[in-house]
Amino acid sequence: MELNLTRIDYMQVGLTSSRCLRVIPNSAPKTQQKVVVGDHDGVIQLFTMKRGEVQFGFRAQTEKSITRLELGGAIGTIRDKIFLSSGNEVRGYTKKGKQFLGFDTNLTEEIKSMHISGSDLLVCGDYVYNHYHDCQDSNFYLAADKINDVITLPVERMKYLVPILACEDRLLRVMRDSEVLYSVELPSPPTSLQLFYNDGGENGDKLLYGTSDGKVGLVQLGRGSAMHCWVCESGTTVSSNSTSQHGGVTCMDHHDMTGDGVRDLIVGRDDGSIEVFSYEDGDESEPTLRFSMACSESVTSVQGAIVGNAGYDEIVASTYTGWIFGVTSEPMDRNMTSESGVVLISQDSKHKIQRLRAEIDELQQRVLRERDQYQAATQSAFPGISAVPFFSVNDKLTLNRTDASYLLSLEVQTAIDNVLLQSDVPVDLLDVEKNSAVVSYSTCDSETGNFLLATYRCQANTTRLEVRIRTIEGQYGTLQAYITPRLQPKCCQVRQYRIKPLSLHSRIHNFDPNRPYNTLTLKGQFTLPEIHAWVVFCLPELPERTPAGDQAEFTFVSTFLDTQLQCVYESGEAVFKSDNISTISILKDVLTKEATRKKVRLDISCEVNEESVVHALQLLHPRLEAQLLLAKQVSLIEALRELGSHESDTSFLSVEYQHIIDNADDLQAQYRKQPCHLERLYGMITDLFIDKYKFKGVNVKSRVPQLLEILDNYGSLSIQHLVNFFQAQ
Amino acid sequence: MLAPVFTLNLNQKIVPGRVCIGKYDGAHSCLTASTTADKVFIHNSHQRLGVAGGRMSLSQSSAEVSLLNINQTVSAITAGKLTKDRHSDILVVGTPTNVLAYDVQNNSDVFYKDVSDGANAITIGQLGHHSFPLALIGGNCSIHGFDSEGNDPFWTVTGDNVSSLTLADFDGDGENELLVGSEDFEIRVFKQEEILYEMSETEAVTALCPMQGSRFGYALANGTVGVYEKLARWWRIKSKNQAIAIYSYDLDGDGVPELITGWSNGKMDARNDRSGEVVFKDNFPSTIAGIVEGDYRMDGKNQLICCSVDGEIRGYQSSSPESRYSMMDSNIEQETIRELSQRRHNLLLELKNYEENQRMGSSGEILSGKPSTAGDQVGVIPANTQLQTGLAINMGSEDKNIPPHVEIALATTNDTIIRAVIIFAEGIFEGESHVFHPRESALSSNIRVPLYPPKDVPVDLHIKAMVGYKASLHYHVFELTRQLPRFSMYALCTTPVTEPQGYVKFKLTERVARIVMWINSSFLLLDDLQADDEGVLDVSFVSLRSNMPLIVQATPQCEITVRTDNMDLAGDIMQALSNYLNLEDLQVEADFPSELEQLGSVLERVEEYHATRQRLSAEMADHSGVIRTLVVRAEDARLMSDMQSMRHWYGELYNLNKDLISGYKIRCNNHQELLNCLKQVNQTIQKAGRLRTGKSKTAVISACRQAIKNNNVNSLTKIIRTGSA
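Chains R and D, in that order, are what the protein sequence lines are.
Under the working numbering, the final residue of the first sequence carries the number 729; numbering is consecutive throughout.
Under the working numbering, the final residue of the second sequence carries the number 725; numbering is consecutive throughout.
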């Protein structure tokens, strides 16, 4: 069954944070519901829709921007009390607008996420988690990495409180009082949590999580351990555009949109898409995509409800720039063309448009006056100042594990005019399909220290820009984005992103001790915070804050090669283990340089494991072979197609060739998707070769051409050939 | 929304841009396109075409598709009525060396001609006063017009390789003019052999299509599409994708055709001819290969037919006036409201900026002079900061290896610094913008941005400078536009220069003062130039690119001499000057000894290459005879089970094959060289034309053509010098 949903705009508020829009449940089914929304200007408003017009319920103002809005109520009753967090304060309102709670949490950090369950209040800052029972401080926990979301399993079912923290280090931490009961490792950093079916499923122990790279997964949380049920990979459900990548999940909800009596999953993403999935096999397997729409800016909340018109289910959504709209099942052609071919616009809309026009005219006048005044100030000799407030930028730089590239997304509250990207390290920009901006590269002159200068000129009404970036390990520096919106007085803001030396590594929690490892040991007069700062300088996905305790341990995996890196350090000593000698070599170079800069004396010792090189080559081998095979297959496609066009029947071809013909489009898409993949692999092997001998104090640059020759003929040679070359003295 | 009236999948790959439609039997429309392996397929859903044999072979996979073997890369394809008395269309296929006119119905060649300049674009139709239709072939710098017999009564040259051609009644006199887009970014309008107008664009012109009256659509290689009405551009839009095909079709049934564009990312859109607003769009899963119009349903109406590279065909019907509004997104009121709210939102934001500015200004708490960091949430600079700009010529320095160039000097009026400068300009950078971003340590309040314009065109520079304080996270952006004069890459010379040998001499009935005015506006000069007291003008410039001198002299009687060895530059100057003075016709006397000498040697080389080609062809013919015998002998041996001999003969065959391949490579190189030479010849003729204006220009070009036909090198040089034989 296909879902047919159309978008209707309701209103625009200030910028919204993730999940600051809620729909208040009604006692009677299928009647229009109230919507409450809080924005960055600190305004909370409640509204209903009446014949296409917004009717305000109440409106209140807080001092700081609203970061989260939740509904609560005594257990067993309708949850229609509104709670919001703003700064480090939590407020409660009834749906009539009466404030019944004003609670200052005295947290040192601003509240980033919040959850209400009965009289239990859970709030989280960046790192701290705090539990209040009846506003009495009862539990406290300091997490090792940033907390993105907090939730509890339903108390009605579980009989006691089970808070769960979603942390940036790819862990779900299941809490018991002030302790972590156990943690669950996830494929990517979780950004959003939601109970399965909104109530945790049959036993109330099932939890959905959404990740920053667009996955949605289900876990069953037992008393002492968790079980992964399924993970819905981004892209696999929509086969037609498998090349494009999905945005991070910002919000989820369940509502029966298909009308089959089973609640469907609604997902909002930061790339502007809203999707509806239906559970066809219950909770057994991943749901199927039923509907997908794209708006041009990131979605901050979604909720299934009935708002616009009684009797029609819809998804109410808010976006970053504050648009609130419904995606409704109500057919939209009711007030369209008549037979005479004249567009009939309903009287209401006509009034609305007229009112807006008038308002705009008046604003225009005021703006013109102010603009003149501003211009006059620039001409006067009187020393005044021109102060323009910062505009909000919602930006993110995430590593994509599948193709080892970074995705930079920039979003501004108003239309972007142009973005200048500048980098002092060599990086490659890759094309993003949905990006409509016109890119232009400038020649870089090494004297000015630029390796990348690119401008993106955006089309009208673009508020969001995505850029894919490929980095090279070992090359580190800063990437800067100068963002200029189409807003007078024209200004631009600079955003800086560190490109780390080991930029293609990502955090994991399981270290495989059975690989052949090279070890780098550092000893010297350094403290734990100092060494932690150096490690943060080298590796991504680490918290800035020094971990608690005397010793820190982190494990990483290379997204490109699957080699591992383990860092164990304490004050005075640090040990790095990796089965890739190039990783160790990069770390050694960077740490030495950093220590010299800080004038810290270091004793560096390296233990090179000869086997590790062969091991790394064996890891590389299947990739290299697959790439060469793919390249070969792609080059045959044209010729085979020609054969195909001559013959009515291609069954006489060998199985291999038939396979190529049948999958030609897939192969080509795959080939296009990974440009320069082979070159990257060659680069890795060359680095491996140079680094292996570097540790022996031998410079083998002169032998690199020989190596490349072997690689060029790799298809006809065996891996042994390559291994032999590496082991030749 | 409008839905396609039919969709088909032909299961044939289509080469982008090589799609046409023809009624080869006079009644049924057949979609025709170039496909893989140098073939052309013809799709006829109504009846089986002819019989196999000759070029034609019937496709095995589909009964509706016939294939034509071309055996050379198809570079252009079109179909149209080439003979006046017959109603059926003739298919014309262009390849890099030949042009083939083919009668599909009778499976026979109409003519097959060598065109050494290649055929990059073809169009068929009535041109000017020619009484019969012509197939116009655009090649490397030249345009041929063939009639149905294969004669070429029309020939002319243009500035660079022709990349698109179309016919339209540009001046409204009832006769078609020829519009030519070429790789030197120009769109030229030819009335007969004479260039009526030239329009400079910013990239190679990849497609042209006539719309209504003197309106036409164009597409550029950088993803721009737009519409011109005569010389005025009504609108243009630029996308990061490539426009593969453009077509004009009245999709919404309002009587005015829209510009339909097929994009490389599979998008197809229809835009209002006046505003460029999208009235309809559709999406294909793969790149659009071509857009044509034809009656594919046999209902007497023409559909718009859009093809993708994967062989998917969709046909769209023009909507009737009654149902025309249903085409628009049904959410028109929603969209109006959204757009208005967006505008209100933007105005409110701007207003907020001014209010904050005033509040902070009057509170006096915040002082300027320090960088604005993340904690400040506000960017401050002194209100009276101004940005001063200047354009100047920098002669560079040899020891620092900086070539001479034009530079823009930017300076602020106080202690604020310029963090970065973005200059948007078309045609002078690799992309559309140039960024100047100095090192953090080298920031200052005045900077100089070097520019190296590669061509002599006037350019608007849109400058965006980011002004603030060092290490700031927020900068004020100053936007301004400066124009770079056409001949900015020529510096005024104060010291005497060696006089170049080449010159153009002519006499004008103008005051010298106007010439001086023209020089002042077209060159980058520190002070305005003056003629001396007697009204004599003598200025020397030196090119920043090649260091070659350029001298402009004028007597009080306005006898003007332009001296330079660069014939191109002389042409540019003559065209710019006659444009400035609105000259209708100008004959000149010219001499460019080095260029003419070169032309002579090029023509000699052309001879040589022709001779080589003939020799190689003969060799190939010899070989083919030997091949035949070898095959027969080898097969005989096989039948007699004499494996040793068979191996021997096949071995010989293999060797011969290798010879043939190496021979082919030589032929290829030879051909490439030949092409280059011919291009040079064509360009020289074009340059000679550009020294003149109006009728004299046309006369020179056709006289040159005649001289080349007669192989008369002496007369050719004479024509170039004096303008007539």
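None of these hints come from the bench; they were simulated from the model.
If you're wondering where the values come from, they're calculated on a predicted model, not measured in any experiment.
All residues carry an ideal CB built from backbone N, CA and C; glycine is no exception.
Careful: at least some of the hints might be erroneous.
Claimed, not checked - Quick look at which bits of chain D chain R covers, simulated, 3 or more residues with Cβ under 8 Å:
hint : segment
1    : 160-173
2    : 260-270
3    : 629-643
As the list claims (entries may be wrong) - Straight-line Cα separation of at most 16 Å, EDC-like style, residue types lysine to aspartate or glutamate; simulated pairs:
hint : chain 1 : residue 1 : chain 2 : residue 2
4    : R       : 350       : D       : 282
5    : D       : 240       : R       : 433
6    : D       : 352       : R       : 370
7    : R       : 396       : R       : 466
8    : D       : 240       : R       : 679
9    : D       : 352       : R       : 466
10   : D       : 352       : R       : 433
11   : R       : 352       : D       : 335
Said to hold, decoys possible - Chain D is nowhere near these chain R residues, computed Cβ spacing over 12 Å in every case:
hint : residue
12   : 81
13   : 142
14   : 176
Hint check results:
no., hint, in the structure
1, 160-173, "violated (count 0)"
2, 260-270, "violated (count 1)"
3, 629-643, "violated (count 0)"
4, R:350 with D:282, "violated, 30 Å"
5, D:240 with R:433, "holds, 10 Å"
6, D:352 with R:370, "holds, 10 Å"
7, R:396 with R:466, "holds, 10 Å"
8, D:240 with R:679, "violated, 26 Å"
9, D:352 with R:466, "violated, 28 Å"
10, D:352 with R:433, "violated, 35 Å"
11, R:352 with D:335, "holds, 13 Å"
12, 81, "holds, 31 Å"
13, 142, "holds, 24 Å"
14, 176, "holds, 38 Å"
Comparing the model with each earlier hint shows violations of hints 1, 2, 3, 4, 8, 9, 10; every other hint is respected.
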